[in-house]
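These protein sequence lines map, in sequence, to chains U and G.
One point on numbering: in this note's numbering, the residue at position 109 of the first sequence is 109, and numbering is uninterrupted.
One point on numbering: in this note's numbering, the residue at position 65 of the second sequence is 65, and numbering is uninterrupted.
Honestly, the hints are just simulated from the structure, not real lab data.
Every value quoted in this text rests on a predicted model; they were computed, and no experiment measured them.
Keep in mind that the hints are not guaranteed to be accurate.
Computed cross-link-like contacts, EDC-like style, restricted to lysine to aspartate or glutamate with a CA-CA straight-line distance of at most 20 angstroms [unchecked claim]: (1) LYS208(U) with GLU191(U); (2) LYS256(U) with ASP193(G); (3) LYS256(U) with GLU141(G); (4) LYS303(U) with ASP195(U); (5) LYS256(G) with ASP231(U); (6) LYS207(G) with ASP258(U); (7) LYS256(G) with ASP195(U); (8) LYS303(G) with GLU228(G); (9) LYS256(G) with ASP258(U); (10) LYS107(G) with GLU141(G).
2 protein chains.
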Amino acid sequence: MATETNQQILLVKRPKGMPNEEHFQLVEGPIPQPGEGEVLVRTLYLSVDPYMRGRMSDRKSYVPPYPLNEVVTGGVVGEVVQSRAADLKEGDIVLAHYGWQKYAAVKSNQVRKLNPDLAPISTALGVLGMPGLTAYFGMLEIGRPQPGETVVVSGAAGAVGTVAAQIAKIKGCRVVGIAGSDTKIRYLLDELDLDAAINYRTTPNLKKALAEACPNGVDIYFDNVGGEISDAVISLLNHGARIPLCGQISLYNLEKPDIGPRIQPQLLITSALMKGFIVTDYADRFEEGTRQLAQWLRNGQLKYTEHIVEGFENTVKAFLGLFTGENLGKQLVKVAEPTKSSA
Amino acid sequence: MATETNQQILLVKRPKGMPNEEHFQLVEGPIPQPGEGEVLVRTLYLSVDPYMRGRMSDRKSYVPPYPLNEVVTGGVVGEVVQSRAADLKEGDIVLAHYGWQKYAAVKSNQVRKLNPDLAPISTALGVLGMPGLTAYFGMLEIGRPQPGETVVVSGAAGAVGTVAAQIAKIKGCRVVGIAGSDTKIRYLLDELDLDAAINYRTTPNLKKALAEACPNGVDIYFDNVGGEISDAVISLLNHGARIPLCGQISLYNLEKPDIGPRIQPQLLITSALMKGFIVTDYADRFEEGTRQLAQWLRNGQLKYTEHIVEGFENTVKAFLGLFTGENLGKQLVKVAEPTKSSA
């Protein structure tokens, strides 16, 4: 370990429109020394997530913008390789939030210890982590699915969409997924057992296809993408429909605000509810959510898949792939194997 | 009375865009005879409301379209002039829904008897009727105002807006009204005691004026109008804001769907809630709402104003005036005086 150096990826330029490699810089430096009460964590998996795009711009969003010339922060699963904290020891696997770097020294109270016997450690970044909880609270608290209702999920093959769609199935709904490749459509139908799935890239008339897939209209629209896909779904809402507004990935890289038909008239005549949210709105209930998701996972009622890119140097590429629809399920970067076999 | 004839206004052509006199026809005919269990009602006040515009088009809305060549239906306060029902007698003042006609024979269970001693009878069409209840449930059930919050009401000088704004004041909020004439602005400030009021027609930069009037951002936006006014307000939402979507009067007469900047990104980053509603969503609580509104009225906490046009033949003109902002408060047509002095 003494001969290895740390690597970090910094945001060095704010993207306007679609980001590219030029907005980031990979830098090398010494591996940090943990202070008293800190642990040194070696990154095993790191997370790339659509919400990070918002933080790269210099404007108000859920969370403050990333500072320039600093490490892009986000979720990480790592292994404690040196401990100066009483509550963690070498070899412990932890969930941390220090982002795109190979090593970090962090206070032990800023990480959460994972139990590798309960679930594969990478799931702490996906189905049992932030994306899974996002789906859980958005679908259950805003969507409030009732048996027999029709639920449409956009971005259905992504980290959040796959979980949201399955929760609606568990609740007894007819579930229609929208995604952007035939591989994803097959996954939604064959693996997740959705009632219908529509490839928005190859369907000539999305609204017509949706109307056919939703003969009783739409009661819940779990929206990850926004834009014209949402326009089509919103035209089919039933009275009292609910729209958990989870993401708008189709708009994140536009250089100016997108325009489209105003949706208020449609929400008005259907008494529909639309609500934006961020998972931290439900922070006081994360334990409940994680417990329920883990139980569904054990029962086999909840499946997940991960799209894993190998190698720290491919982090930016993996991040950019989120916006071109490369990933099926949760997009992760695998940075290293754990020292002990705990994954 | 025997020499008088009935008059009715029919919808004879569906408007595309702004309606005009050509879409309606005033017809004369015999005064109907009440059947067993029916009463003959003579119209004293009739209501013209923005929602009626939606029903004049042949498309799905809250309520079915008006049939062509039939009377435009809507709220009426009238006097029973002949009764063949045990529960009503001549001279009783009733709220009915038979619309734009001077006389109608209706089943006694389709009207509600009013007590002229409790409040002026015309208030059953305004502050104590459908518009008042719309404001009550929209503001309290969707807006959920908390003391100290900032509330913006568009269409603030209208039948619903005046009540919504005052309820927010009663609940201890800072209330900012948007309206379209200096007379209305003075009314909002001087009579209703709002904290600020903005004339959207004369303010060069609405967003800037709103930002100044809402130094702590916007927690509730009670929307009656839609369009660019809403765009400006939505740009100022606080985290957790609520938007009761009550009307979109600026859009009702457009010939095609209006386009504008998509609002989902803003709702997303603020975890805001937007909900369409129609007063009948709360039909099982009308009694509670009416009782509370009447109590505020008696206490002097709730004021109202009516914009009264005289003469049945001016009904269409009064209706069209809703879309050019003629009315301050509830727009009514006074058709006749009661036989006894009960108004």
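Hint check results:
Taken as a hint, the LYS208(U) and GLU191(U) pair is broken in the structure, with Cα atoms around 25 angstroms apart against an allowance of 20 angstroms. Simply put, LYS256(U) and ASP193(G) have alpha-carbon atoms about 39 angstroms apart, too far for the 20 angstroms limit, and the pair is violated. Distance restraint check for LYS256(U) and GLU141(G): the Cα-Cα separation of roughly 35 angstroms exceeds the 20 angstroms cut-off, and the hinted pair is therefore not satisfied. Only pairs whose Cα atoms come within 20 angstroms are accepted, and LYS303(U) paired with ASP195(U) is accepted, the gap being roughly 16 angstroms.
For the proposed pair LYS256(G) and ASP231(U), the alpha carbon gap of about 15 angstroms is at most 20 angstroms, so the pair holds. Using a Cα cut-off of 20 angstroms, the hinted pair LYS207(G) and ASP258(U) holds, with the two alpha carbons roughly 19 angstroms apart. Our distance criterion of 20 angstroms between C-alpha atoms is broken by LYS256(G) and ASP195(U), whose separation comes to about 34 angstroms. Of the pairs offered as hints, the one joining LYS303(G) and GLU228(G) is violated, with about 29 angstroms between alpha carbons and a cut-off of 20 angstroms exceeded.
A hinted pair counts as satisfied when its Cα atoms are at most 20 angstroms apart, and LYS256(G) with ASP258(U) qualifies at roughly 19 angstroms. The hinted pair formed by LYS107(G) and GLU141(G) fails the criterion: a straight-line CA distance of about 33 angstroms is larger than 20 angstroms.
Hint compliance for this structure: hints 1, 2, 3, 7, 8, 10 are not met, and every other hint is.
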